[in-house]
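Engineer: Sequence:
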Amino acid sequence: MYPKHDPEKTKPVEPEIAEQLTTLADTRFKIKQLSEVEDRYKFNIMQFMQDAECLVNESGQPIVTWKANKRGSRTFLMKGVN
Numbered sequence: 002m003y004p005k006h007d008p009e010k011t012k013p014v015e016p017e018i019a020e021q022l023t024t025l026a027d028t029r030f031k032i033k034q035l036s037e038v039e040d041r042y043k044f045n046i047m048q049f050m051q052d053a054e055c056l057v058n059e060s061g062q063p064i065v066t067w068k069a070n071k072r073g074s075r076t077f078l079m080k081g082v083n
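Taking my numbering, the leading residue of the sequence shown gets 2, the next gets one more, and so forth.
Among the hints, a few may not be true.
[Stated by the list, open to error] SDA-like, lysine to any residue: derived pairs with alpha carbons at most 25 Å apart: (1) Lys71 <-> Gln48; (2) Lys43 <-> Val82; (3) Lys43 <-> Glu54.
For the record, the hints were derived by calculation from the structure and aren't laboratory data.
Between the sequences and the hints, there should be enough to build the whole structure, so can you do that?
Structural biologist: Given below as structure tokens:
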């Protein structure tokens with residue numbers, strides 16, 4: 002949008018932008034917290050699965066896969082879980 006900047010130029014913050022900055026900082030904090038929760042649950046599910054490739058629901062339908070990709074590292078994928 003603005004490929005170059007003027008190193009001599011500054012702008013004072015306006016109340017609307019200050020509010021958006023606060024909201025942005027709060028949002029980033031919440032995202033970090035949720036990411037940590039996601040990682041913990043994912044780790045617990047992987048520990049439960051151990052060396053299994055697939056986790057199925059009561060009907061036998063796959064809901065989670067955790068299998069090796071072409072590089073050999075395992076990929077965790079949720080399918081049809083709300």
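Engineer: I'd like to know which numbered hints this structure contradicts. Please list them from smallest to largest.
Structural biologist: none
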